[in-house]
Amino acid sequence: MNLAEKILAKASGRRSVEPGEIVIAHVDRLLMHDLSGYLTADVYERKVGRPIPDPERAVMVFDHHFSPPTEKQAEVLKSNREWARKYGITLLDCGNGNLHHAAVRNGFVKPGMIVVGSDSHTPVHGALGALAMALGNDSHAGTVLPYGKAWFKVPETVRIELHGTPRPGTTARDIALWLVGEIGEGELNYAAVEFAGPYIKESPFWDRWLFPLLCVDLGAKCSYVEPDEVTEAFVRTLPGGLSGESPRGDGAGRDAGRVLRYDVGEVVPLVACPPTVGNTKPVPEVAGRPVQWAELGGHGGGRIEDIRAAAEVLAGRKVHPRTRFNIVPSSRQVFAEAAREGLVLALHEAGATWFPPSTGSNQAINMGAMASGEAMISTHSRNFPGRNGSSEAEMYLASATTVAASAVAGEIACHGTKGSPE
Amino acid sequence: MRFEGSCWKFGDNIPTDRLVKSKYVFEPMEVMAKHVLEDLDPDFPLNVQPGDIVVAGKHFGQSSGRAIATKALKATGIGCVVAETFARTFYRNCFEVGLPALEIKGITSLVNGGDRLRVDITTGKVTNVATGKTLSGEPADPFLVEMLNAGGLIALAAQRTELFQ
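Chains A and B, in that order, give the protein sequences.
Each residue of the first sequence is one higher than the one before, starting from 215 at the first, in our numbering.
Each residue of the second sequence is one higher than the one before, starting from 371 at the first, in our numbering.
Heads up, a few of these hints could be off.
The list that follows gives simulated cross-link-like pairs (lysine to any residue, SDA-like), each with its CA atoms no further than 20 Å apart [unchecked claim]: (1) A:Lys367 with B:Pro509; (2) B:Lys393 with B:Ser376; (3) A:Lys286 with B:Ser506; (4) A:Lys261 with B:Pro509; (5) A:Lys286 with B:Glu400; (6) A:Lys261 with B:Glu532.
Quick list of the computed label-pair ranges, beta carbon to beta carbon [stated by the list, open to error]: (7) A:Gly471 with B:Pro512: 20 to 30 Å; (8) A:Pro496 with B:Leu416: 20 to 30 Å; (9) A:Pro496 with B:Val499: 40 to 50 Å; (10) B:Glu516 with A:Lys261: 52 to 62 Å; (11) A:Glu396 with B:Asp413: 50 to 60 Å.
These aren't lab readings, by the way, just hints derived from the structure by calculation.
We treat Cβ as the ideally placed atom computed from N, Cα and C, and that holds for glycine.
The whole structure should be built from the sequences, with the hints applied where relevant.
Next comes the structure, spelled out in structure tokens:
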């Protein structure tokens with residue numbers, strides 16, 4: 215069996231499961247954020263209203279807000295907070311970082327768990343070898359909270375093997391974006407996508423993270439990297455460490471329905487242009503598009519690796535006067551690391567602006583609305599028109615290196631081609 | 371489970387962000403429903419009639435997995451939604467909130483906006499009433515049809531307590 219099948223079989227008390235079967239399985243963790251918690255709460259209070267037997271299963275993180283800008287949003291946070299307190303649901307309030315990063319860094323996700331959540335990027339936890347899937351509020355309120363279970367259709371497994379060595383300047387995010395363009399949005403609909411091959415095996419944990427993240431745009435139900443020594447070494451650094459054995463796949467994809475093989479050596483730095491994530495183009499093809507905003511942040515961005523990359527690009531340079539460069543650490547832990555490494559002051563003096571750990575401009579709930587005709591280049595995961603203010607504004611997605619290079623140039627630019635020396 | 375109504379046709383890869391735009395997420399459902407898909411067809415939320423059928427292309431309902439997108443679409447009064455393919459969380463949410471959904475390859479070339487369409491969720495058959503042309507797809511899983519008949523997931527869990535307890 216593939217890893218997804220092994221985990222679903224175990225959680226549904228069966229010896230084996232087959233793709234296409236519907237099973238009812240135990241859920242280990244429910245992750246909610248400030249935009250989904252109160253909606254789940256609303257359904258729960260109106261339609262379910264039973265006691266929650268294991269409230270510690272559920273974790274809520276306020277990540278779209280670091281401080282509510284309107285009274286209405288303050289009320290939403292208050293109702294989230296009161297509901298969490300009423301049942302004893304763990305709450306990480308404003309300032310703790312992005313939902314997924316905060317959940318991992320605080321030890322709420324471990325290999326082999328079944329993790330569910332309303333956030334569509336919940337499958338990112340497959341980077342730790344968890345089976346993580348996005349469900350809707352009615353599943354959370356109707357079956358996960360009262361019974362600790364949910365229904366699942368067993369997905370077929372598609373294995374993506376990544377071979378080769380990246381070119382200089384090409385990052386893991388470029389490769390992940392490239393795959394979305396290459397394979398096509400929605401083309402792996404309903405599948406469990408297994409990321410494997412020498413490139414993945416040799417990648418550090420936070421680079422692996424970007425692959426299950428982007429699988430959502432391929433249409434995948436879930437995605438994972440089979441836990442190995444890299445996974446386990448990382449999990450040992452988290453609160454609670456590594457408890458018990460992490461599940462193992464067969465390492466070879468023998469039972470995968472399909473195997474797709476790619477050479478990452480082909481990939482050049484890319485920008486995903488509006489209106490969708492699969493609309494990827496080599497940076498030079500979009501270079502010169504003025505950007506009023508550049509941002510490190512979001513589900514995949516704001517990692518310490520992103521902040522280091524930006525500091526490298528900005529060494530001896532300044533942010534262009536027409537561009538504001540927002541830096542949003544993905545967790546409190548990342549902000550502390552950046553502070554210890556001297557990156558907070560370095561980037562501040564280069565003209566970047568630090569924001570509290572959060573999801574940053576995602577959906578412009580707390581920051582990041584744009585006027586018509588404006589553009590942002592960022593490490594976010596979505597570029598659909600209308601998500602950041604005006605439907606006439608544009609969001610471009612790229613690696614931290616390209617984002618920082620564009621912040622320096624005041625327009626979309628390749629690192630190493632254009633800049634304003636100090 | 372059969373439906374017949376006028377068709378509203380939309381394209382490929384439409385995200386939930388265009389069903390319910392970010393600026394309406396804190397508004398009540400009645401307000402969200404008045405703005406569903408307005409950027410893509412301003413007439414839709416204004417003139418949609420109860421029982422009308424939404425037809426869309428590939429990967430309909432991608433992006434955010436929150437059920438408000440399916441609830442707002444249901445709140446417009448449509449009978450069902452037919453697409454070439456759905457984003458999986460959207461498809462799941464449709465059945466959980468009681469909005470019938472059907473995947474039919476080729477549906478976007480079978481109908482034009484305004485055509486009358488006959489849809490059978492249980493058999494997976496769709497007919498353009500004007501042209502008489504018919505297409506078949508994979509019918510919904512019997513578990514999902516049972517969920518629809520119950521009135522959604524929470525009603526199903528209440529009716530069949532043995533399922534989740």
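The hints, checked one at a time:
Taking the CA atoms of lysine 367 of chain A and proline 509 of chain B, the gap is near 15 Å; set against the 20 Å cutoff, the hint holds. Under the criterion of a C-alpha separation no larger than 20 Å, the hint pairing lysine 393 of chain B with serine 376 of chain B is inconsistent with the structure, at around 29 Å. With a CA separation close to 47 Å, the supplied pair lysine 286 of chain A and serine 506 of chain B exceeds the 20 Å bound. Using a Cα cut-off of 20 Å, the hinted pair lysine 261 of chain A and proline 509 of chain B is violated, with the two alpha carbons roughly 29 Å apart.
As the CA atoms of lysine 286 of chain A and glutamate 400 of chain B are separated by approximately 17 Å, the hinted pair is consistent with the 20 Å bound. Distance check on the hinted pair: lysine 261 of chain A and glutamate 532 of chain B sit about 18 Å apart at the alpha-carbon level, within 20 Å; holds. Taken as a hint, the range 20 to 30 Å holds for the pair glycine 471 of chain A and proline 512 of chain B, whose Cβ atoms sit roughly 23 Å apart. The given range of 20 to 30 Å is broken by proline 496 of chain A and leucine 416 of chain B, whose C-beta atoms sit roughly 42 Å from each other.
A C-beta distance of roughly 48 Å is found between proline 496 of chain A and valine 499 of chain B, which places it inside the suggested range of 40 to 50 Å. Restraint check, glutamate 516 of chain B to lysine 261 of chain A: a C-beta distance of roughly 18 Å breaks the suggested window 52 to 62 Å. Under the hint 50 to 60 Å, the C-beta atoms of glutamate 396 of chain A and aspartate 413 of chain B, about 37 Å apart, miss the expected range.
Violated hints, listed in ascending order, are 2, 3, 4, 8, 10, 11; each of the other numbered hints is respected by the structure.
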